[in-house]
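Engineer: Residue numbers (the numbering used here), protein chains in the order written: chain G, 1 to 376; chain Y, 1 to 376.
Among these hints, one or two may not hold up.
List of simulated lysine-lysine pairs, PhoX-like, C-alpha gap at most 25 Å [as the list claims (entries may be wrong)]:
(1) K33/Y x K13/Y
(2) K129/G x K130/Y
(3) K301/G x K13/Y
(4) K13/Y x K130/G
(5) K13/G x K129/Y
What the hints contain is simulated information worked out from the structure, not anything from laboratory work.
There are 2 protein chains.
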Amino acid sequence: MNIGILGYGVVGKGVDDILQEKGLASVTRILVKDESELQDSRMTTDFSLFIKDDSIMCIVECIGGLEPAHTYCIQALQAHKHVVTSNKAMMARFYDELLETAVKHNVTIRFSACVGGGIPWLDQLASVKKTDTIESFYGIMNGTSNYILHQIFMNHLDFDTALRQAKQLGYAEADPTADIEGFDVANKVALSANVAWNTMIDINDIPMCGISTISKDDIDYANNNNYRIRLLGHGIRQGNAVCAYVCPEFIPMDHPIAHVPLNYNMFECNSAYLGAIRLMGQGAGRYPTAHNVVKDIRLVKSHSTPFTSIVSRMAVTSANRRFYIRANDLSGFEPYIETRINDTTILTKEMDTTTAFTLYKGIQNKNSCMIGVSLW
Amino acid sequence: MNIGILGYGVVGKGVDDILQEKGLASVTRILVKDESELQDSRMTTDFSLFIKDDSIMCIVECIGGLEPAHTYCIQALQAHKHVVTSNKAMMARFYDELLETAVKHNVTIRFSACVGGGIPWLDQLASVKKTDTIESFYGIMNGTSNYILHQIFMNHLDFDTALRQAKQLGYAEADPTADIEGFDVANKVALSANVAWNTMIDINDIPMCGISTISKDDIDYANNNNYRIRLLGHGIRQGNAVCAYVCPEFIPMDHPIAHVPLNYNMFECNSAYLGAIRLMGQGAGRYPTAHNVVKDIRLVKSHSTPFTSIVSRMAVTSANRRFYIRANDLSGFEPYIETRINDTTILTKEMDTTTAFTLYKGIQNKNSCMIGVSLW
Chain G
1 MNIGILGYGV VGKGVDDILQ EKGLASVTRI LVKDESELQD SRMTTDFSLF IKDDSIMCIV
61 ECIGGLEPAH TYCIQALQAH KHVVTSNKAM MARFYDELLE TAVKHNVTIR FSACVGGGIP
121 WLDQLASVKK TDTIESFYGI MNGTSNYILH QIFMNHLDFD TALRQAKQLG YAEADPTADI
181 EGFDVANKVA LSANVAWNTM IDINDIPMCG ISTISKDDID YANNNNYRIR LLGHGIRQGN
241 AVCAYVCPEF IPMDHPIAHV PLNYNMFECN SAYLGAIRLM GQGAGRYPTA HNVVKDIRLV
301 KSHSTPFTSI VSRMAVTSAN RRFYIRANDL SGFEPYIETR INDTTILTKE MDTTTAFTLY
361 KGIQNKNSCM IGVSLW
Chain Y
1 MNIGILGYGV VGKGVDDILQ EKGLASVTRI LVKDESELQD SRMTTDFSLF IKDDSIMCIV
61 ECIGGLEPAH TYCIQALQAH KHVVTSNKAM MARFYDELLE TAVKHNVTIR FSACVGGGIP
121 WLDQLASVKK TDTIESFYGI MNGTSNYILH QIFMNHLDFD TALRQAKQLG YAEADPTADI
181 EGFDVANKVA LSANVAWNTM IDINDIPMCG ISTISKDDID YANNNNYRIR LLGHGIRQGN
241 AVCAYVCPEF IPMDHPIAHV PLNYNMFECN SAYLGAIRLM GQGAGRYPTA HNVVKDIRLV
301 KSHSTPFTSI VSRMAVTSAN RRFYIRANDL SGFEPYIETR INDTTILTKE MDTTTAFTLY
361 KGIQNKNSCM IGVSLW
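With the hints as constraints, model all of the structure from the sequences given.
Structural biologist: Here it is, written out as structure tokens:
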């Protein structure tokens, strides 16, 4: 099978390497951004050549970002080419359009590398839902933020030093906003919910908090109470809606996810018959991510049925949780205070997540912090 | 698709329940052991009816043990019926005969519930090997022994009290030997190696130690050194052979597997591109195990290709590891002593596992104990 790769960065190069070593498919064309990047005879800057080339059965999109990735994928599907992508932002934003275009043109779009890099997370959700009822999932879905939190708790670094180190190691990008403020996790929560429940939820409806404002006081509070902090994404089925949110959380030291090290990811799926299943591994990086992309290419080649379809959109709803709030101005939270830790910090009673995130948004600034109190 | 279930115990009944709820297949015949167990019109004590019934496409074997399960499975395959089984002892012992009989009669045998109950462990090995090179695996593969170790370390019970509790909760059988002495784990190590490397290793070649002789002194040593003990099974590819062994091990408190709670299982696969992937969940129990059986039935129904084939047998070989040995008589270990803890207890230097297990077997009695020292 001939395939074309769009983008020759971290993932695209990794896919090319594995396919060459394993001989699973021939990469006959590679799209690069500009002429200075042309390294071998397969490379071009002209996307239209991929569409015109009838020998290419599958387009592997590794450009990242919304455009031109989205337009290229739609054009590839319309030209009856299968698409495999590792682009979570594009998949979460244009999920319905991409799946519907694939169905309409009798081809498949596969995206198992979009969540958890090389971890077979979306595959597991797709498999479980066929014989069981998925009730909820959650996970450490971002390796950059987990690396920073690991360094804060294991090696006592402050946030800025840990972030600098993550950048040096290539775990964090020059602009780390998407990773540390929860946007990346929100995309992954949306895609996980979409696959688990054959739906599409709107990423803009997912409330989120990041980890950039976690201070020494918050870390001391965690240590004094035998907690570690992890950034978690949640999805909980509630009738015809999904409770989805992203928030740092206090995790008791005895819980395995308190010990997920470095830049690893961990996901848990809860279903009626199977109970809790957890998957842990490298959630990013060249070869782990490329591994899942190559698996998708293999499944395209063997004509496996795609692992998801859309039934209908679901609304994002809330659930009851307890929160730790630190802010100079705690206005709005008064009726929900369970414990006052000091003048600026409270623990709330169980309150619904929508209310909590809405109230916090009203008082949020660079000196405030919101951390979920784990149910475990 | 009509199917027949052999055995209506914990797993057989669970499979029947899920299939009825999900409508994935019709259970038209159920084999029970004697006439007193006949509960509904599908039940019979006559296996020959299953073979004669051309409407039955798939036999689900949930009897357990070697015979008559093995004979029934062979006869079912010879009658061109697919087989799905959760019987690890039978699969490990008759692996080559069962797979070869299936191939010869153009049907499949699936056994994903044999290792890890509902955890998609064998599926993951089968998937990874198609696009990557599996280097090693290990895991907490027995829920009964993990439950006992959890109670010893978290709730300070002694071994006998923890075992009694495990029996009361249905986690341990009346005769717990297979679970606590490592036989069950050895079967699972063999099947994991077989799937990972398209081979068959002989379970009788896998050296093993169990957990029944772990004493208060050993537990104190673990606690004083910030370890917990877990019973692990290992498989490491070494050229054309597999290093496989079963042994309790000291795990540092910072490692996630030190925190695998209660009767949960955890498995790790290491491969060249993907790195480490861990899976955790319920390794036994009615519905988790039945979940994987039902998934196998679904895959039989959709004509998916079986996930393994035999290439050739591999020998079991050794690797270098450190061990903690407690015994009244330490003869043979003198050249390997790294540290003498007291008169009866030593830590060894790195030594090859074959030598270690052979020497230990020579001095082993109910007052001795061998524990691996984790590499982490």
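Engineer: All hints are to be evaluated individually against the structure, with a verdict given for each.
Structural biologist: Comparing the hints with the structure gives:
Proximity of K33/Y to K13/Y is assessed by CA-CA distance (about 14 Å); at most 25 Å being required, the pair is judged to hold. Between K129/G and K130/Y the alpha-carbon distance is near 24 Å, which keeps this suggested pair within the 25 Å criterion. At roughly 38 Å between alpha-carbon atoms, K301/G and K13/Y are farther apart than 25 Å, so this suggested pair is violated. For the given pair, K13/Y sits about 19 Å from K130/G by alpha-carbon distance, which is consistent with the 25 Å threshold.
Restraint check: the Cα-Cα separation between K13/G and K129/Y comes to about 21 Å, which is no more than 25 Å; the hinted pair holds.
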